[in-house]
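So the sequences go chain by chain: A and B. Residue numbers for the first sequence follow our numbering, beginning at 75 and rising by one. Residue numbers for the second sequence follow our numbering, beginning at 211 and rising by one.
Any given hint could turn out to be false.
To be verified - Negatives, chain B to chain A, calculated, CB over 10 Å:
id: 1; residue: N232
id: 2; residue: Q251
id: 3; residue: W256
id: 4; residue: P260
id: 5; residue: K282
id: 6; residue: A305
id: 7; residue: Q327
id: 8; residue: N353
id: 9; residue: N367
Unchecked claim - What the simulated footprint calls covered on chain B by chain A, stretch by stretch (three residues with Cβ under 8 Å from a Cβ of chain A suffice, anywhere in the stretch; the number is not a length):
id: 10; region: 237 to 250
id: 11; region: 261 to 274
It should be emphasised that the hints constitute simulated quantities derived from the structure, not laboratory data. C-beta atoms are modelled at their ideal positions from N, C-alpha and C, and glycine is treated no differently.
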Amino acid sequence: MAAPPSRLNIYDAVAANRWRTVALITVFTGLLSALGFAVGEIFAPGGGLAMVPAALGLSGVSATASYFAGDKLVLAQSQARELAPGEEAQLRNIVETLSIGLGIPPPRIYVIDDTAPNAFATGRDPKHASIAVTSGLIDKLDRSELEGVIAHELSHVGNHDIRVMLLVTVLVGTVALLSDWGMRSMFWGRGRRDRGGANTGALILILALVLAILTPIIAQLIRLAVSRQREFLADASGALLTRYPPGLASALRKIAADKEALEVANKATASLYFANPLKDAPRAMDGLFDTHPPIAERIRRLEAM
Amino acid sequence: MEILIVLVVIGLIIVFVVGLYNRLVTLRQRVREAWADIDVQLKRRWDLIPNLVETVKGYAAHERQTFEAVTKARSDAMAAAQTGSPEQRAQAENALGAALLNLRAVAEAYPQLQAIQEFKDLSENLTATEDKIAFARRFYNGNVRDYNTAIQTVPTNIIAGMFGFTPEQYFELTDPAQREVPKVSFS
Numbered sequence: 075m076a077a078p079p080s081r082l083n084i085y086d087a088v089a090a091n092r093w094r095t096v097a098l099i100t101v102f103t104g105l106l107s108a109l110g111f112a113v114g115e116i117f118a119p120g121g122g123l124a125m126v127p128a129a130l131g132l133s134g135v136s137a138t139a140s141y142f143a144g145d146k147l148v149l150a151q152s153q154a155r156e157l158a159p160g161e162e163a164q165l166r167n168i169v170e171t172l173s174i175g176l177g178i179p180p181p182r183i184y185v186i187d188d189t190a191p192n193a194f195a196t197g198r199d200p201k202h203a204s205i206a207v208t209s210g211l212i213d214k215l216d217r218s219e220l221e222g223v224i225a226h227e228l229s230h231v232g233n234h235d236i237r238v239m240l241l242v243t244v245l246v247g248t249v250a251l252l253s254d255w256g257m258r259s260m261f262w263g264r265g266r267r268d269r270g271g272a273n274t275g276a277l278i279l280i281l282a283l284v285l286a287i288l289t290p291i292i293a294q295l296i297r298l299a300v301s302r303q304r305e306f307l308a309d310a311s312g313a314l315l316t317r318y319p320p321g322l323a324s325a326l327r328k329i330a331a332d333k334e335a336l337e338v339a340n341k342a343t344a345s346l347y348f349a350n351p352l353k354d355a356p357r358a359m360d361g362l363f364d365t366h367p368p369i370a371e372r373i374r375r376l377e378a379m
Numbered sequence: 211m212e213i214l215i216v217l218v219v220i221g222l223i224i225v226f227v228v229g230l231y232n233r234l235v236t237l238r239q240r241v242r243e244a245w246a247d248i249d250v251q252l253k254r255r256w257d258l259i260p261n262l263v264e265t266v267k268g269y270a271a272h273e274r275q276t277f278e279a280v281t282k283a284r285s286d287a288m289a290a291a292q293t294g295s296p297e298q299r300a301q302a303e304n305a306l307g308a309a310l311l312n313l314r315a316v317a318e319a320y321p322q323l324q325a326i327q328e329f330k331d332l333s334e335n336l337t338a339t340e341d342k343i344a345f346a347r348r349f350y351n352g353n354v355r356d357y358n359t360a361i362q363t364v365p366t367n368i369i370a371g372m373f374g375f376t377p378e379q380y381f382e383l384t385d386p387a388q389r390e391v392p393k394v395s396f397s
C-alpha cells in the first residue's frame, strides 16, 4: 500500500470517486446489456435485442430511485432511529467536531438498538448524509476508539464513498433480479423454444444461460472488491483526521473480539458497515467473497502508520 | 495552414491558462469557506463566556482580576475580529484562551462550584467548542497550505502573479495539547 497522503484531502478523493462512479456505471451498463440480451433470448429466441433497452431502463429507474431514497431505505431496514437533540451528547460532539475537521456539514445521527458494536454511513453526498451507530458501539468503546470509528465513517461521507456504495448495491441487486427472471422463464417457457430446432438457436441459448449465471457473480465480485478497497482508504483517512491511529486500531480489536452478530444487517447492507456485521463462519474462497478486508490486516496497516 | 496551427496553439494556451486560473480561484474559495468555519466556532466561544464568568462569580466573587482579564480578552478578541488580520486575530484569541484557562484553573479551587450542573454544562460546552476550534483551524491551515503551495509553484505561480493572487495567512493558535498544562499566576 502506498504511504497515506501527508494531508487528508477529501477533494482529491472526491475527484477519484467521480471517475470510479463513471467506470462502474460503464461496466454495469455492459453487464446489464449482456444480461438483458441473455434473458431476452431465453424468454423468446431472437428477442434478445429487444430486452436490452428494457434492462437498462429498469436499472436506470432503480438507480435513480436509490440515489434519492436509498439511504432512507437502508436506515429503515436497519431499524435505526434518529438521535433526539440532547441525547448522547458525547457522540454528537464527536461527530460535529470531526465533521469540522473534514470540512463537511455534520451528518444526521442514527442509533440502532443492538448490543453488537458496529456503524455505517449512507447518503448521496455530504449534504444528504446519515451516520448510524449501534448502542453497543457507544457502550463498549471509549472516547478515542469511538472517535476512530466515527472518523472512518465520516471519511466515507466526505470521500463520496457512500454514493458509490449506494449505486453499486442497487446495480448488483438489479443484475440479480434480471438473472433470476431469466432463470425462471427458462423453466416456465420450455415448450416454446423447442420449436426453434436450429443449431445456432441452441448455441445462443447455452450462451445466454451461461451469461445469466455468470453476470450476477461478476457483479457481486465487483461490489465486494470496491467495498474492501474503500475500507482501507477510510481507515487511513480516518486515522489522519483524528491523528491517532491507535484509537481506530483498538476499536477494531474490540469489535473483532466481539462474537455477536448484528441481527438487523443482511447480505445487501453488510458491505456498508464498519466491520462485517454477519460474523459468518469462514469458507473456502472467503477472501474473494468478503465484504471487508480481514480485521488483522486493517490493524496491521494502522499500526504501520 | 500555418494560420490554423497558430490559432490552435493560441487556443490551447488560452484553455490552459483558464484552467490554472480556475484552479486558483477554487483553492482560494476553499480557504475562505474554511475561514468561516473557524469564525463560527470562535463566536460560539465568545457567547459562552458571559455565562461562565457569571456562574464562577457567584462562588468566587473576590477573584475579580481573573474575571476582568477574561472579559477584556473577550472584547479584545471581538475587536480584532472587526479589523484585524488572521494573525492579529489569532493573537487576540490566544490571549483569550489563556485567560479562560486561568479562569478554569481558579474555578478548580472551589469544590462547590464544580458540583453545580450549570457549571459542568458550561465547562463541557467550552471544552467541546475549543476542540472544534482546533479542528476548524487544522482544516483551514491545510487549505491555506494547498493554496499557498499552488501560487508559489510552477506553472500556477505565473498565473497568480498575473492576476494578483496573494498568499493567505495561517491561523496559528496555541495547540490545545499545550494548554493542558495550566499557567496559573497567583499574583
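### Message
Which constraints among the numbered hints does this structure fail? Numbers only, ascending.
### Response
2, 8 and 11
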